[in-house]
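Grab the two chains, each in its own frame, and use the hints to assemble them into the complex.
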Amino acid sequence: MKLGVLFSGGKDSTFATELANSGQNEVVCLMSMKSENKASYMFHTPNIDLTELQAESLGISLITQKTEGKKESELIDLRRLIQKSQKEFGIEGVVTGAVESVYQATRIQKICSDLNLWCFNPLWQLNQEELLNQLLKRGYEIIISGIAAYPLDEKWLGRKLTKSMINELIELKDKYGVNPAGEGGEFESLVLNGPNFKKKIQINKHCLEYKNHSGVFVVEDAELK
Amino acid sequence: MNLLIISTCSNKLSEREFVLPFENKHTRTNHYSNLRDIDWADKILITGTAIADNDYLTNLDKFEWLSDISKPVLGICSGAQIVALVFGAKLIKNVEIGMVEVEGNLFDKKSFQAYALHQNGISNLNEFELLAKSNDSIHAIKHKLKNIYGVIFHPEVRNKWVLEKFIEA
Numbered sequence: 012m013k014l015g016v017l018f019s020g021g022k023d024s025t026f027a028t029e030l031a032n033s034g035q036n037e038v039v040c041l042m043s044m045k046s047e048n049k050a051s052y053m054f055h056t057p058n059i060d061l062t063e064l065q066a067e068s069l070g071i072s073l074i075t076q077k078t079e080g081k082k083e084s085e086l087i088d089l090r091r092l093i094q095k096s097q098k099e100f101g102i103e104g105v106v107t108g109a110v111e112s113v114y115q116a117t118r119i120q121k122i123c124s125d126l127n128l129w130c131f132n133p134l135w136q137l138n139q140e141e142l143l144n145q146l147l148k149r150g151y152e153i154i155i156s157g158i159a160a161y162p163l164d165e166k167w168l169g170r171k172l173t174k175s176m177i178n179e180l181i182e183l184k185d186k187y188g189v190n191p192a193g194e195g196g197e198f199e200s201l202v203l204n205g206p207n208f209k210k211k212i213q214i215n216k217h218c219l220e221y222k223n224h225s226g227v228f229v230v231e232d233a234e235l236k
Numbered sequence: 030m031n032l033l034i035i036s037t038c039s040n041k042l043s044e045r046e047f048v049l050p051f052e053n054k055h056t057r058t059n060h061y062s063n064l065r066d067i068d069w070a071d072k073i074l075i076t077g078t079a080i081a082d083n084d085y086l087t088n089l090d091k092f093e094w095l096s097d098i099s100k101p102v103l104g105i106c107s108g109a110q111i112v113a114l115v116f117g118a119k120l121i122k123n124v125e126i127g128m129v130e131v132e133g134n135l136f137d138k139k140s141f142q143a144y145a146l147h148q149n150g151i152s153n154l155n156e157f158e159l160l161a162k163s164n165d166s167i168h169a170i171k172h173k174l175k176n177i178y179g180v181i182f183h184p185e186v187r188n189k190w191v192l193e194k195f196i197e198a
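Just so you know, the protein sequences line up as chains A and B, in that order. For the first sequence, the numbering used here gives the first residue as 12, with consecutive numbering after it. For the second sequence, the numbering used here gives the first residue as 30, with consecutive numbering after it.
If you're looking for bench data, these hints aren't it; they were derived computationally from the structure. You may find that some hints are simply not true.
Pairs of lysine-lysine, DSS-like flavour, derived with a Cα cap of 30 Å [stated by the list, open to error]:
id: 1; chain 1: B; residue 1: Lys139; chain 2: B; residue 2: Lys41
id: 2; chain 1: A; residue 1: Lys148; chain 2: B; residue 2: Lys41
id: 3; chain 1: B; residue 1: Lys175; chain 2: B; residue 2: Lys100
id: 4; chain 1: A; residue 1: Lys121; chain 2: B; residue 2: Lys54
id: 5; chain 1: B; residue 1: Lys119; chain 2: A; residue 2: Lys121
id: 6; chain 1: A; residue 1: Lys77; chain 2: A; residue 2: Lys98
id: 7; chain 1: B; residue 1: Lys54; chain 2: A; residue 2: Lys174
id: 8; chain 1: B; residue 1: Lys194; chain 2: B; residue 2: Lys138
id: 9; chain 1: B; residue 1: Lys189; chain 2: A; residue 2: Lys184
id: 10; chain 1: B; residue 1: Lys173; chain 2: B; residue 2: Lys162
id: 11; chain 1: A; residue 1: Lys174; chain 2: B; residue 2: Lys189
id: 12; chain 1: A; residue 1: Lys45; chain 2: A; residue 2: Lys236
id: 13; chain 1: B; residue 1: Lys189; chain 2: A; residue 2: Lys210
id: 14; chain 1: B; residue 1: Lys138; chain 2: A; residue 2: Lys121
id: 15; chain 1: B; residue 1: Lys100; chain 2: B; residue 2: Lys173
id: 16; chain 1: A; residue 1: Lys148; chain 2: B; residue 2: Lys194
id: 17; chain 1: A; residue 1: Lys49; chain 2: A; residue 2: Lys171
id: 18; chain 1: A; residue 1: Lys174; chain 2: A; residue 2: Lys216
id: 19; chain 1: B; residue 1: Lys175; chain 2: A; residue 2: Lys95
id: 20; chain 1: B; residue 1: Lys122; chain 2: A; residue 2: Lys13
id: 21; chain 1: A; residue 1: Lys166; chain 2: A; residue 2: Lys49
Residues of chain A clear of chain B, computed beta-carbon distances all greater than 10 Å [said to hold, decoys possible]:
id: 22; residue: Leu30
id: 23; residue: Thr75
id: 24; residue: Glu79
id: 25; residue: Ser84
id: 26; residue: Lys148
id: 27; residue: Pro162
id: 28; residue: Lys171
id: 29; residue: Ser175
id: 30; residue: Glu179
id: 31; residue: Lys186
id: 32; residue: Lys211
id: 33; residue: His224
id: 34; residue: Val227
id: 35; residue: Asp232
Fair warning: this is a prediction, and the values are worked out from it, not measured in the lab. We put the CB at the ideal spot given by N, CA and C, even for glycine.
Just chain B, with the same shape it has in the complex (with noise of 0.2 Å):
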């Protein structure tokens, strides 16, 4: 199974931090300005990136391959936001930073603790069905007709289980 990272850290810094934790043998590493390997993935993981890091909300233009592809995608914070907006979902200011508890169905798991670490959160889900939330924010969205699925929370972070089952399913 060919996995392609997609970097959204516009500081080379930042991916020790939201990228590195995903690589290994299997994994090819791209960053979204210098897409090379889409056609060689099975499965495409956009990562997340530091919180004040904003610069893909004004690089949407180069995600415009996410609306005819037909691999399974799953996007974290970042690129949960990046995959929301390019269907048509849109963003609010949502801070949150921490653990906390999130609830609903993620890969048949009903609860469990989440590290948030975003200051935009999702709304108006229009093509895609809610499938986990926290108190204050959405966490787990999945497309009605895709097997795309978006999480704003970080599973490298006490949750690996989410991209292990991602790559299962």
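Here chain A stands alone, though its shape is the one from the complex (with noise of 0.2 Å):
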């Protein structure tokens, strides 16, 4: 089956196009929301340009679609960008990275369901320690790229996912409750490089926005090496 995922290029969605691209199916095409609004229920914000550079690591095809990420607007923007996939790649079914949200899930199957697509979500219901520690055992580099949520600060941007980073996050899910995985939106993360990237992505350039426990871990330069 022809499948295209809805790419951040997260944790989340990149570790979903590795799970969707084997066996009966093949990820034909990336899909990517550029939101304008960077509180978007939807859609994760941070350094989205990237997806380009992880797109051609990945061997795959992005298509985007720019919304100003207004609450239900939005919704009718990811509708066209999933249009668009069918049209121009042929997709038969979406593949997106969500874990928990049902707020997120519902209104992407509801779309497919409109649009006479399957919906998988390969990572549904998966705990969230385990969803960390397979994929960094499975080589996956990854970085938090924005934060929203106390106590995490600014000296969490940039930061590179470890074993003891793990540790600390279930720490805070037991003292503060944010969610390990950054499900609840507490954080957002850049993939670098995985197990289906043929180079890895360098950055050679970033700043830091940080105000009170949100900030983004801003990518000014980045090349594939």
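Next comes the structure, spelled out in structure tokens:
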């Protein structure tokens, strides 16, 4: 089955791409929403332009759609993106990296149902700690690219996901209720390398935007190495 | 307690979503097209599948064994549709996607929010009794004489107690 992945360049959609691209299925395109609303409920926003480099490294075509990111109009734009992929790449199904968010999953399921497309959520209900451990085990190189929850602060921005970071995140879960995989939008991630990457993303220049437990690791220049 | 999980997914990728959440060291998983462990099982779970997947409806002959089974069975979504059809109930077109309010009595729970993801619903209950429903759909049924249950909602999302109660019962 020809599939398109809703791809943000973060850990979940990148892992979902790997899982979807096997057996009876082929990922024929990555679909990225470029939201102008940094507080989007639906879409990951930090460094979304880097999906171009990631797609190149994965050897999969990228298709994008801009959205102002207003709560319901972004769903119209998402539908537009999926329809474009149906037309240009002949996708028969959509893959997402949704883990727990019924809000996200329901909206995408409804669009797929309307467009007669299959919908796959290969990380659905996966234990958050197990998800992070699997990513490390499979050799993903991931950094924290955005934060939006107390007690996360600017020291977290740009940090690489390691076993000790997973332990820290579990402690924060127990103490403050921070979801260890950032599923509640507590943090966003950026994948720099992974088992299906032909080349690694090297960040040449970055800056931090940070205020009051909310911030972004902004990649200003990057290349494939 | 040995739980046999029977997958109704025609695409392997869907099993990560509809089968994996139920698997543990006490379970074995068989696809309905290749059943090997019915004798091993104490109880049987028939899973749901992707909303676009209707292959199970064209393979109902693979579920004829249900007519004679004396072990407890819980069907989820497509699994519930299968048990309903095997015992003479009917399906109707009935799309419901998202969280819905369910009321009735399922394992002593009178009302709860449930995750619905289906395009077929159950009607004409025939050999079943109605246990719980939402505004738009029948959500839980039980065979009048056997320990065979069907739930149209997906208990793997926010309602894991359903499987726990089925296993305890």
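Status of each hint after checking the structure:
1. Only pairs whose Cα atoms come within 30 Å are accepted, and Lys139 (chain B) paired with Lys41 (chain B) is rejected, the gap being roughly 35 Å.
2. Simply put, Lys148 (chain A) and Lys41 (chain B) have alpha-carbon atoms about 22 Å apart, close enough for the 30 Å limit, and the pair holds.
3. Pair hint Lys175 (chain B) plus Lys100 (chain B) holds up; C-alpha atoms about 9 Å apart against a cutoff of 30 Å.
4. Taken as a hint, the Lys121 (chain A) and Lys54 (chain B) pair is broken in the structure, with Cα atoms around 34 Å apart against an allowance of 30 Å.
5. Simply put, Lys119 (chain B) and Lys121 (chain A) have alpha-carbon atoms about 24 Å apart, close enough for the 30 Å limit, and the pair holds.
6. Under the criterion of a C-alpha separation no larger than 30 Å, the hint pairing Lys77 (chain A) with Lys98 (chain A) is consistent with the structure, at around 18 Å.
7. In summary, the hint linking Lys54 (chain B) to Lys174 (chain A) is supported, as the alpha carbons are separated by about 25 Å, within the 30 Å threshold.
8. At most 30 Å may separate the alpha-carbon atoms for a hinted pair to count; Lys194 (chain B) and Lys138 (chain B) meet this at roughly 10 Å.
9. Between Lys189 (chain B) and Lys184 (chain A) the alpha-carbon distance is near 21 Å, which keeps this suggested pair within the 30 Å criterion.
10. Under the criterion of a C-alpha separation no larger than 30 Å, the hint pairing Lys173 (chain B) with Lys162 (chain B) is consistent with the structure, at around 17 Å.
11. Between Lys174 (chain A) and Lys189 (chain B) the alpha-carbon distance is near 29 Å, which keeps this suggested pair within the 30 Å criterion.
12. For the proposed pair Lys45 (chain A) and Lys236 (chain A), the alpha carbon gap of about 25 Å is at most 30 Å, so the pair holds.
13. The straight-line distance between the Cα atoms of Lys189 (chain B) and Lys210 (chain A) is roughly 41 Å, outside the 30 Å bound, and the hint therefore fails.
14. A C-alpha spacing of about 28 Å is found between Lys138 (chain B) and Lys121 (chain A), which places the hinted pair at or below 30 Å, so the restraint holds.
15. Taken as a hint, the Lys100 (chain B) and Lys173 (chain B) pair is honoured in the structure, with Cα atoms around 15 Å apart against an allowance of 30 Å.
16. A hinted pair counts as satisfied when its Cα atoms are at most 30 Å apart, and Lys148 (chain A) with Lys194 (chain B) does not qualify at roughly 35 Å.
17. For the hint pairing Lys49 (chain A) with Lys171 (chain A), the CA-to-CA distance comes to about 22 Å; that is within 30 Å, so the pair holds.
18. Of the pairs offered as hints, the one joining Lys174 (chain A) and Lys216 (chain A) holds, with about 26 Å between alpha carbons and a cut-off of 30 Å not exceeded.
19. With a C-alpha separation of about 50 Å, the suggested pair Lys175 (chain B) and Lys95 (chain A) falls outside the 30 Å cut-off, and the hint is violated.
20. Distance restraint check for Lys122 (chain B) and Lys13 (chain A): the Cα-Cα separation of roughly 27 Å lies within the 30 Å cut-off, and the hinted pair is therefore satisfied.
21. Using a Cα cut-off of 30 Å, the hinted pair Lys166 (chain A) and Lys49 (chain A) holds, with the two alpha carbons roughly 20 Å apart.
22. With a least beta-carbon separation of about 7 Å from chain B, Leu30 (chain A) fails to lie farther than 10 Å from that chain, contradicting its non-interface assignment.
23. Against the 10 Å criterion, Thr75 (chain A) stays outside the reach of chain B, whose nearest CB is about 24 Å from its own CB.
24. Chain B leaves Glu79 (chain A) outside its interface by the beta-carbon criterion, the shortest separation being 24 Å against a cut-off of 10 Å.
25. Every beta carbon of chain B lies more than 10 Å from that of Ser84 (chain A), the smallest distance being close to 19 Å; the non-interface claim holds.
26. Every Cβ of chain B is farther than 10 Å from the Cβ of Lys148 (chain A); the closest lies at roughly 16 Å, confirming the non-interface assignment.
27. Every CB of chain B lies more than 10 Å from the CB of Pro162 (chain A), the least distance being 27 Å, so the non-interface label holds.
28. At roughly 27 Å, the least C-beta separation between Lys171 (chain A) and chain B is larger than 10 Å, which holds for a residue marked as non-interface.
29. No beta-carbon of chain B comes within 10 Å of the beta-carbon of Ser175 (chain A); the shortest separation is about 28 Å.
30. Glu179 (chain A), annotated as away from the interface, keeps every beta carbon of chain B farther than 10 Å; the closest lies near 27 Å.
31. For Lys186 (chain A), the non-interface assignment is confirmed: its Cβ lies about 24 Å from the closest Cβ of chain B, beyond the 10 Å cut-off.
32. With 10 Å as the threshold on Cβ separation, the claim that Lys211 (chain A) sits away from chain B holds: the shortest Cβ distance comes to roughly 27 Å.
33. Every CB of chain B lies more than 10 Å from the CB of His224 (chain A), the least distance being 28 Å, so the non-interface label holds.
34. The beta carbon of Val227 (chain A) is kept farther than 10 Å from every beta carbon of chain B, the shortest such distance being approximately 31 Å.
35. Distance check on Asp232 (chain A): its Cβ is at least 36 Å (rounded) from any Cβ of chain B, clearing the 10 Å threshold; non-interface status holds.
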